[in-house]
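S.K.: What follows is each chain in one-letter form.
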Amino acid sequence: MDRKLAEYNLKKAFGFDQFYDEQWEAISRVLNGERILMIQKTGFGKSLCFQFPATQMQGLTIIFSPLIALMRDQVKSLKSKGIKAAAINSEELPEDNYQNLEEAVRGNLSMLYIAPERLGDNQFMETIKKMNTNVSLVVIDEAHCISVWGHDFRPDYRRILNLIKVLPVTIPIIATTATATKRTEGDILKQIGGRMTVVRGNLLRENFQLYVTTVKSEDEKMKFIAQQVSRIDGTGIIYTGTRVNTEIYSKWLNYIGISSIGYNAGLDTEKRIEIEQGLITNRWKVIVSTNALGMGIDKPDLRFVIHTQIPQSIIHYYQEIGRVGRDGKKSEIILLYDNFTDENTIEEDLKLPLSFIENARPSISQYNKVINAIKEDPLSESEIMRKTNLRQQQVRVIKSDLIDQKIATEINDNKTKKLEFRFGAPDIDRKPFDDLKSHKKEELFLLRDYINSKSSRMNYLCTYLGDVQVENIRNCDNTNLSKLKYFESVNIESQLIEFWDNFFPIISMAPETSLDKGKYVLSSPFWTKYELKINNLSLGKLHDPKMFLALIPAEDKEQVESRLIKKHLEKAKITDVVATSYYSYPKVGNAIRKSKYQNGGDFPIFLVERMKRAYCLNLLDLKIDLILFIPPTESGQLVENLSKKLGNLLNLPVLNIIKKAKNTQPQKLFENKYLKADNVNGAFALFDSNLIVGKRILLIDDVIDSGATIKEVSKLLNINGAELIAPMVLAKTVGGDQL
Amino acid sequence: MMSNESTYWYAFHRVKIGNKRKNEIIEKMLTEKLNVIDLFELNRNILSERLSLDENDLNCLELVKQNLSNISFLTEDLENQGFQIISILNINYPEKYKIKLKYNSPPVLFMKGNLELLKLGSISIVGSRKASSLSIEFSQNLAKTAAKTNRTVVSGGASGIDTYASETAVLNGGTTIIILAEGIKKFKGYRNYYKSMTQGNLLVISCFDPDDNWHTFKAQERNPLIYALGDKVFIAESGEKGGTINGALHALKEHWEVFIRFPDESEMNANSLLIRKGCIPVDNRGKPIEINLPKSELELEIEVIGSVESLLNGKQMSIKEIIKALNLDWKGTKLSGLIKRSDKIISIGGNPIKYELKNNNLINKQGELF
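So the sequences go chain by chain: A and B. For the first sequence, numbering that gives the first Met the number 0 gives the first residue as 0, with consecutive numbering after it. For the second sequence, numbering that gives the first Met the number 0 gives the first residue as 0, with consecutive numbering after it.
Everything labelled a hint here was simulated from the structure, so no lab data went into it. A quick note: this is a predicted structure, and the numbers were derived from the prediction, not measured. Ideal Cβ placement from N, Cα and C applies to all residues, glycine included. You may find that some hints are simply not true.
Some, not all, of what chain B presents toward chain A, calculated at C-beta under 7 angstroms [unchecked claim]:
(1) ASN3
(2) PHE72
(3) ASP76
(4) ASN79
(5) GLY81
(6) GLN83
(7) ASP211
Here are the in silico distance ranges between beta carbons for each label pair [unchecked claim]:
(8) B:GLU94 - A:ARG105: 28 to 34 angstroms
(9) A:ASN662 - B:ASN149: 37 to 43 angstroms
(10) B:GLU54 - A:GLU102: 31 to 37 angstroms
(11) A:SER437 - B:ASN42: 50 to 56 angstroms
(12) A:GLU125 - B:HIS254: 40 to 46 angstroms
In silico SDA-like links for lysine to any residue, alpha-carbon gap of 25 angstroms or less [to be verified]:
(13) B:LYS194 - A:ILE410
(14) B:LYS15 - A:VAL168
(15) B:LYS27 - A:PRO167
(16) A:LYS128 - B:LYS27
(17) A:LYS416 - B:GLY81
(18) A:LYS386 - B:LYS27
(19) A:LYS374 - B:ARG190
(20) A:LYS416 - B:GLN80
In isolation and in its complexed conformation, chain A is listed as follows (with noise of 0.2 angstroms):
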């Protein structure tokens, strides 16, 4: 086809009148069955050089996509077109997904987006084996997660590999990435390998301003975001390292007027879906995310992008600063960076980002617990959790090294995925995870350079990059820019005090259920508010979930979903737990740890006050009747005492009724949930269960973990006739299985 010829046809099925140079070139490889890695910036126009080519060829294109966001726009995209584009993914209904296939076997489709982890999986094989239509070109979408130099590593990449090893020689392939370094792309063409070739853009943005501004606290970043982001108009993201960040800066923004939101990948489909749809039309000014956010959202116009934290490196950090500005205009590029240093002279911001990459792997042992437990049976994640004591990202991070060293194989038994150990599998390697944590060491302090760096800093990224052309760009506050400062600001110090005196942490006790795909759909989109929405249209929001069985159709209630709903209710009488603090803010979490484990006596009365204050401000409508407290394995009178300093202050009366039914572990020997729940289970019973009945319960601990605990004695508390409980510890801690 000549391109003549092409633009004709891509008038009439796209409406576009032209392709770029660089689009032509690639789109006629392809069109030859050629193999190619595009590396283009994003904006470029990467999808139209496979999704034209897919539009002019006979069978099905399959595009692999690890972002679901992505693939949902471009199918709606494709689709206003007419042409016939599917996607089949974790967050798609599965009538949805079903119905999809089958248009698929029919062939009735020219494009699938799935999602690599549907290799294998059982309805997506039956599929292929029963389509008519052949597979005539793959696409690799984020081609850069193939390799393990590259900074977004999937391991469900793997099984690409494996399938583009075993494909026919004589179909085409495209991968494409926005961001590869040259390391990057040897590693990407030696993995694929036969005869990809590589088509390499120039990656320049040149409407990015970018500034470096370092501070010497957390509180300082807060309160110069504060300042910047009143400053900059239109909307924008900010990126932090943590979830929990996630949820502090959202709420000082919306503290101080900001209206924001936090975004992460503990939160539910619905609510992530609701937030990329709001970021698109702009309702809130600042969405607060981890790097969760942002590939394959599509919207030109994100005017600012802000890191409280530096990422793991430059690349990491390009491909997250790529998100705005996409229209081409100017658009502000600003890194937080503390550089407080300690006795032990590593720079405060530095700690994250290298504790991730010192704890990227477990030990050696902990492996060889894994295989130790396999060579016995096939095991689920959740079975060599219980099996070994070990926390479920390290299970992850084992399961997925040992398939990639041919220790292991994923089967699928009955549905459920076990780890099959591979016989004379080889011993684990150690070797490449040494290299790779030298090679990530190499890669943060390139970005520490940027940080210091006095010259350009487009061209220092550029050349980082791998641009052959690097012209000398002045957009940043090391040329033409002046630095970016926080101006101290009365006003604004005694907000953020006001702040933390009034930050309470909430931890969803009671999380989506199967529930969330179908007619019928409960969410707590607000904690002890309860939303119910069917066919998608809102109920409104109540706090007591029953009253929502009132409003079920008659014809509906025998139906699956009622019953379900039901049993949904029933679990959801315990409310979110309201913690006063998570454990790592030092006023807090340092005062506990003084009475809990160096003899410091009672809690301090300004931990009891701030459990009112965080009981006042949250759970007053509640009409709580009374107040119940946790027996303690080892912290002795602690937990009564506050129980019953607040109870005077609450005016409720303090009951001592739930005791021990059997001698438990300290939860913190327990190193994931699972472990944790079987410890607590059956813990707990009542002296006198009648004094519970029909009652609105607050029930205190002091700190929470898992949460097992309190869900324990919540389910015993319910069991035995409880109204409503609603949890309140005093700090929640980050780590483990949560961050």
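Position chain B relative to chain A; hints supplied.
M.R.: This is chain B only, laid out in the frame that chain A set:
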């Protein structure tokens, strides 16, 4: 080892032409120095010219080729779950099949487990699903001995004798090869044999499509694979109908040595019948027993053909000369009929027609599979 040939072999497995024809094509591929990828990627004219493929061959290939890239998804999934696709050209393909089954060898096998077991000495143990305690004891005795003498036990993975044989082998520190009558993915025993698998004491083999369910006709089709893989074959018990007796009769027809447990008088099975047909009776430890049964026609034939083969070593003789030399009480036509069925003896023409042993140099000549 996974290579992009595996997809093509899997595809070739799916081509709907018989094993014999497939093996002929593979042989031709070797002489023409082509590989299985060429078979699917070269155009029809070249294929028909160089591999002498006919219209039907080409159409059947074409049909599978239409779904070739889809098959690569299935191949990847198989490999990911630890299954291997072993073609007849693979170094791990069982030599015994090539020798005994020749052109009937399955061109593609699916395997999981320790391929090294194929290099061990072996005994095959077969028998019906519903077996008496005597038969069970017999198969256990044999499996125990095999385990002790480092020979692997080949069985069919069905319930009854098959299971007793394999389980006893691995429980006694031995190894087993299970040859399925279903697809490699459909074997129900993976869970049960998990530790044997991880310790390298098990190999599972299937010649069917990985997702195929168990079927009687598949059991029939795979029986020769069980017989051919054992250095010795033992039948614990055979019914008068069904898989075991059919398998045994087929084996006798192929002139393979088959041992069978000598039954008690009270037993209601077909063991005695099979002894009369030519199976060699053994005691409950597998030792041959001398019994005075009149030799069966089949046994006589085996004996005669054996004598003829040794007689012809280095000689060329006519039928008459052979009958005379062996002092046979046979008609010439009967002997020539028997000789025609032997694959070691060929006629070299002449008047009267003379016979000689097939030239061994021909075997393993380049371009020949067997």
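S.K.: Against this structure, judge whether each hint is valid.
M.R.: Hints, one by one, checked against the model:
no. : hint                                    : verdict
1   : ASN3                                    : holds (5 angstroms)
2   : PHE72                                   : holds (5 angstroms)
3   : ASP76                                   : holds (5 angstroms)
4   : ASN79                                   : holds (6 angstroms)
5   : GLY81                                   : holds (4 angstroms)
6   : GLN83                                   : violated (11 angstroms)
7   : ASP211                                  : violated (12 angstroms)
8   : B:GLU94 - A:ARG105: 28 to 34 angstroms  : violated (46 angstroms)
9   : A:ASN662 - B:ASN149: 37 to 43 angstroms : violated (52 angstroms)
10  : B:GLU54 - A:GLU102: 31 to 37 angstroms  : holds (35 angstroms)
11  : A:SER437 - B:ASN42: 50 to 56 angstroms  : holds (52 angstroms)
12  : A:GLU125 - B:HIS254: 40 to 46 angstroms : holds (45 angstroms)
13  : B:LYS194 - A:ILE410                     : holds (15 angstroms)
14  : B:LYS15 - A:VAL168                      : holds (23 angstroms)
15  : B:LYS27 - A:PRO167                      : holds (22 angstroms)
16  : A:LYS128 - B:LYS27                      : violated (30 angstroms)
17  : A:LYS416 - B:GLY81                      : holds (14 angstroms)
18  : A:LYS386 - B:LYS27                      : violated (55 angstroms)
19  : A:LYS374 - B:ARG190                     : holds (12 angstroms)
20  : A:LYS416 - B:GLN80                      : holds (11 angstroms)
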